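Visitor: In order, the protein sequence lines correspond to chains A and B. Oh and the first sequence: position 113 is 113 in the numbering used here, straight run, nothing missing. Count along the second sequence starting at 1, add 1000, and that's the number in the numbering used here.
Just so you know, these hints were derived from the structure itself, not from any lab. Please read all numbers here as calculations on a predicted model, not as lab measurements. A few of these clues could be false.
Restricting the straight-line Cα-Cα distance to at most 25 angstroms, the calculated cross-link-like pairs of lysine-lysine (BS3-like) are [unchecked claim]:
id, chain 1, residue 1, chain 2, residue 2
1, A, K167, B, K1007
2, B, K1019, B, K1007
3, A, K167, B, K1019
4, B, K1049, A, K130
5, B, K1066, A, K12
6, A, K18, A, K66
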Amino acid sequence: MRKTLEVINELKREGLIKDYAIGGAIAALRWTEPFFTRDLDIFVIPQKEPNEKELVILSDIYEYLKDRGYNQWIGQWLIIEGVPVEFIPAEGLAREALDNAITIEFEGIETRVISPEYLIALFLKAFREKDKAKIQLLLQQAEINMERLKLLLNKYNLTGRFNSIYKNE
Amino acid sequence: MSEEKIKILTKDNRIITLKELFEEQEKTHKEQASLPFEEKIRILVELQKLALNWGNRKNVIVWDIKDV
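This is chain B alone, in the form it adopts within the complex:
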């Protein structure tokens, strides 16, 4: 079955195709790319914490930054 035919019920009760889902994901990625640099660094630190605690990557250094 093609991406145009497969339909998904979203959490906000919309019915969209798989193709539309991928397009929405792409849009979200681009929106994330336009976040302020400072916000991206905050997210990076959260990713480092995740990698250390959840991903069990013991060699990860979580940036110890109080400012951002």
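Bound conformation, chain A alone:
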């Protein structure tokens, strides 16, 4: 995964994205015990703002990567150095999560990963069964700043969903 992160860091260095952070299951796995997942979700702030139709354009990223030889797609995933990657534009809660992401190192490569509190909020927003399972893992195994989490849940109207899970803890 080090090489994959190097390529993603290159996107930032070359000005194709303003910033990025690892999200989804791989971000959760940073804070919990290992569990099965398929892909690497990368939340990005594209260099270009959404156009007048509020359409986020990621084609510059894909064109750049294609020129670098990364042209193998499996479903929605672009394979970068052996890892299926999905780029997700960060808007709203995800944008705030990205802005507050934590800088870490992976095999000497600097990268950023979404914090457990923001991950819980993002999973609550998606609220599929697999998201609920990840929330429970995070609550059991990660160090959660409950005050920060409560503020987030209030801000994004996620308290009701959280309580429905937390009561089962």
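Go by the hints and put chain B onto chain A.
Guide: Chain B only, in chain A's frame:
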């Protein structure tokens, strides 16, 4: 019978209650959570191989990473 009363002989010849077994399992999960990120990714790739080969989940992509 309650979790406090049911006893188990462990592989290292200790007798523990079911409740203690669950507590030990919980401790192991937390220890796994504190593994280095790189180690967790290595384990993830092994889980993907298991899902593909043993779980017969043909749509699983095993990450082809030489570094980790």
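Visitor: It remains to establish, for every hint, whether it holds in the given structure.
Guide: Going through the hints against the structure:
1. K167(A) to K1007(B): 30 angstroms, violated
2. K1019(B) to K1007(B): 9 angstroms, holds
3. K167(A) to K1019(B): 21 angstroms, holds
4. K1049(B) to K130(A): 20 angstroms, holds
5. K1066(B) to K12(A): 24 angstroms, holds
6. K18(A) to K66(A): 19 angstroms, holds
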